[in-house]
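If you're matching them up, the sequences are chains Y and R in order. Quick note on numbering: numbering that gives the first Met the number 0 labels position 61 of the first sequence as 60, and the sequence is numbered without any gaps. Quick note on numbering: numbering that gives the first Met the number 0 labels position 264 of the second sequence as 263, and the sequence is numbered without any gaps.
Hints are computed from structural coordinates only; laboratory data are not their basis. Each residue gets a CB set at the ideal place from its N, CA and C atoms; glycine is no exception. Among the clues, some could well be false.
Said to hold, decoys possible - Distance windows between CB atoms, simulated:
#1 R:Gly190 / Y:Lys239: 26 to 32 Å
#2 R:Gln189 / Y:Leu70: 47 to 53 Å
#3 R:Glu66 / Y:Asn28: 54 to 60 Å
Each chain is listed here by its residues.
2 protein chains.
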Amino acid sequence: MKIIVDMMGGDRAPEETVKGVCQAAQEFNASYILVGNQPEIERVAAENQLDIRRFDIVHTAQVITMEDDPLCVVRTKTESSMAVGMRLLAEGKGDAFVSSGNTGALFTGATLIVRKIKGVLRAGIGTVLPFQNPVLLLDTGANVTVTEENLEQFGVMGAAYMRGIYGIDRPRVGLLNNGAEACKGTALQQGAYRLLSQNRDINFVGNIEGSTAPFGSCDVLVADGFSGNIFLKSVEGVGKLLLGKLKGVLYSSPAAKLAALTLKKQLMGMKKDMDPSEHGGAPILGISRPVIKAHGSSDAKAFKNAIRQAIAYADSEAIYDLALCIQRFNAHKKAEQEQQAQEQEPTQQQGQQGQP
Amino acid sequence: MKIIVDMMGGDRAPEETVKGVCQAAQEFNASYILVGNQPEIERVAAENQLDIRRFDIVHTAQVITMEDDPLCVVRTKTESSMAVGMRLLAEGKGDAFVSSGNTGALFTGATLIVRKIKGVLRAGIGTVLPFQNPVLLLDTGANVTVTEENLEQFGVMGAAYMRGIYGIDRPRVGLLNNGAEACKGTALQQGAYRLLSQNRDINFVGNIEGSTAPFGSCDVLVADGFSGNIFLKSVEGVGKLLLGKLKGVLYSSPAAKLAALTLKKQLMGMKKDMDPSEHGGAPILGISRPVIKAHGSSDAKAFKNAIRQAIAYADSEAIYDLALCIQRFNAHKKAEQEQQAQEQEPTQQQGQQGQP
Numbered sequence: 000m001k002i003i004v005d006m007m008g009g010d011r012a013p014e015e016t017v018k019g020v021c022q023a024a025q026e027f028n029a030s031y032i033l034v035g036n037q038p039e040i041e042r043v044a045a046e047n048q049l050d051i052r053r054f055d056i057v058h059t060a061q062v063i064t065m066e067d068d069p070l071c072v073v074r075t076k077t078e079s080s081m082a083v084g085m086r087l088l089a090e091g092k093g094d095a096f097v098s099s100g101n102t103g104a105l106f107t108g109a110t111l112i113v114r115k116i117k118g119v120l121r122a123g124i125g126t127v128l129p130f131q132n133p134v135l136l137l138d139t140g141a142n143v144t145v146t147e148e149n150l151e152q153f154g155v156m157g158a159a160y161m162r163g164i165y166g167i168d169r170p171r172v173g174l175l176n177n178g179a180e181a182c183k184g185t186a187l188q189q190g191a192y193r194l195l196s197q198n199r200d201i202n203f204v205g206n207i208e209g210s211t212a213p214f215g216s217c218d219v220l221v222a223d224g225f226s227g228n229i230f231l232k233s234v235e236g237v238g239k240l241l242l243g244k245l246k247g248v249l250y251s252s253p254a255a256k257l258a259a260l261t262l263k264k265q266l267m268g269m270k271k272d273m274d275p276s277e278h279g280g281a282p283i284l285g286i287s288r289p290v291i292k293a294h295g296s297s298d299a300k301a302f303k304n305a306i307r308q309a310i311a312y313a314d315s316e317a318i319y320d321l322a323l324c325i326q327r328f329n330a331h332k333k334a335e336q337e338q339q340a341q342e343q344e345p346t347q348q349q350g351q352q353g354q355p
Numbered sequence: 000m001k002i003i004v005d006m007m008g009g010d011r012a013p014e015e016t017v018k019g020v021c022q023a024a025q026e027f028n029a030s031y032i033l034v035g036n037q038p039e040i041e042r043v044a045a046e047n048q049l050d051i052r053r054f055d056i057v058h059t060a061q062v063i064t065m066e067d068d069p070l071c072v073v074r075t076k077t078e079s080s081m082a083v084g085m086r087l088l089a090e091g092k093g094d095a096f097v098s099s100g101n102t103g104a105l106f107t108g109a110t111l112i113v114r115k116i117k118g119v120l121r122a123g124i125g126t127v128l129p130f131q132n133p134v135l136l137l138d139t140g141a142n143v144t145v146t147e148e149n150l151e152q153f154g155v156m157g158a159a160y161m162r163g164i165y166g167i168d169r170p171r172v173g174l175l176n177n178g179a180e181a182c183k184g185t186a187l188q189q190g191a192y193r194l195l196s197q198n199r200d201i202n203f204v205g206n207i208e209g210s211t212a213p214f215g216s217c218d219v220l221v222a223d224g225f226s227g228n229i230f231l232k233s234v235e236g237v238g239k240l241l242l243g244k245l246k247g248v249l250y251s252s253p254a255a256k257l258a259a260l261t262l263k264k265q266l267m268g269m270k271k272d273m274d275p276s277e278h279g280g281a282p283i284l285g286i287s288r289p290v291i292k293a294h295g296s297s298d299a300k301a302f303k304n305a306i307r308q309a310i311a312y313a314d315s316e317a318i319y320d321l322a323l324c325i326q327r328f329n330a331h332k333k334a335e336q337e338q339q340a341q342e343q344e345p346t347q348q349q350g351q352q353g354q355p
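If we strip away everything but chain Y, and leave its shape as in the complex, we get (with noise of 0.2 Å):
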């Protein structure tokens, strides 16, 4: 298992990239390709103390930033560390590739270097919510507008991902929606919830809302990357909102502080349950090989636990699965419009048999 790191992505490279590699390589039997500014990555080592002279380094001089143009990628960047990493890995160097970079970039990336496979409409950001359940979000952000069909790939991707990595049989697949009722949200999501509960392959519960959603209600939750993005970023925001709160009343007096002494383990524990970075990075699912997004702001401990989410989606038949998933998709769907084509000729013979 070899992977490839963008060591020089996010707000906080390559400082946590180069200790959370360090950390991944004590904790999980997985080679590496560092890719980035090799003088920098050596230097941050050596203030560190940290020995990684055991990982292959393949030096560039060109950084992404937060604020460039996705297309920068395939275009001015294209020695980036971003752009670089994922050549490898398109090239067969390595099995999978983690990067805290801008994220529009590294999904153009993943869509025309890695490449998505073959039968997917459109890629899509999968964030694993940390709820009752774990949930996956799909899209969080990548696809603003989208068809029906998008949403309906959406729901049997999300499906394979969540039987590759989470082991369950027959993932409930939920769309993000404003009502139960099948005729809720906009033209959009009526026109999903149809094709979704249409489609046999997929285990579909229905239409989910917000406030249902954390409480095992599905396995996967369907969205358009805008109201995804919405979603997910309220769950970050009350998230840590209410912990801010909870924080003030245990340090509101000397008795507080006491009786949160006695807490301290429990609580501990809530919050790392509750901390997104304990569950790794978001996948980019739909293309052919693993590519993890870690979130932007990571520390070394957010970006070692993207790594052991890279290598068990490396380690998964998931993206097999997928693949096979996509390619029944496509068939019935053709099946579909045949069948249509054919209920349409006799019509048409009607028709002219009625014609003088």
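Could you slot chain R onto chain Y? The hints should help.
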């Protein structure tokens, strides 16, 4: 001050509405018209030993259920407690109307019976979120599809409400989006961003993400009804999930229970802070008289708080202010259109002069 109350709306009516009104009557200086099934109201009052002789009761036999089509309020169920209550409001028999019934029907009735303020394109349902500062989210579900101009007006209306009810001089208006940059979101958000930032009557602070909204970044959060509803419900869901997890920690051992006792008062305060029912109901903004939607599952306390909000709304200058703002909004739009027309005219004349 006279409040008209729909006694039959919501999952827990008329038990909780009767109790809620009695609590409100004790706390607030107002009189009440109870609209609903008189024998049932009297039975509930007798069962709970509540004196309701001081209230006016208007008997209605029909009830709008949560499953009813919204248009029933003006078609098949015109003698329901909701429809009759809103007619009383429209006729000036009371100063505000409160209902925990079917949201769609209430919104339809508010628009068609009580009627919109002149110049308001679309009314919207506002919900005050219990964040670091109170944030009015508008719209939270009434208008699933909207135009850029609708969103601009939501900003104007929301600001008037926060000025009138919370005394905020220049409410900061944000646009719910998937990123901070002006280019973020779909064409709808991009267009609304442009209009909102050009509108000199409101204090537009740009795009706001769900991750920063809880931390004092704005006073009014403008959204289309679909993503607004997704946001609202995720706030609800995540809040519930976290409070549930916290409860688990506090009951995890005898020592934890003891520590929890010490923190009880502060933790209850925190829970109260986060409890939407403490913050009353949702005003339907853009309607010519105060209509407040209480949560469908309101208990007596939540219903009482919705009545409190109705009183504050009716007591304030918010509707008058809102009407003036909308008048100015339309005057500006008209002036802009005229200016555009004038700017085009000389060009046309030049064009004509150029012709042989």
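Hints, one by one, checked against the model:
1. The supplied range of 26 to 32 Å is met by glycine 190 of chain R and lysine 239 of chain Y, whose beta-carbon atoms lie about 30 Å from each other.
2. For glutamine 189 of chain R paired with leucine 70 of chain Y, a C-beta distance near 19 Å fails the hint of 47 to 53 Å.
3. Checking the proposed 54 to 60 Å range against glutamate 66 of chain R and asparagine 28 of chain Y shows it holds: the Cβ atoms sit about 56 Å from each other.
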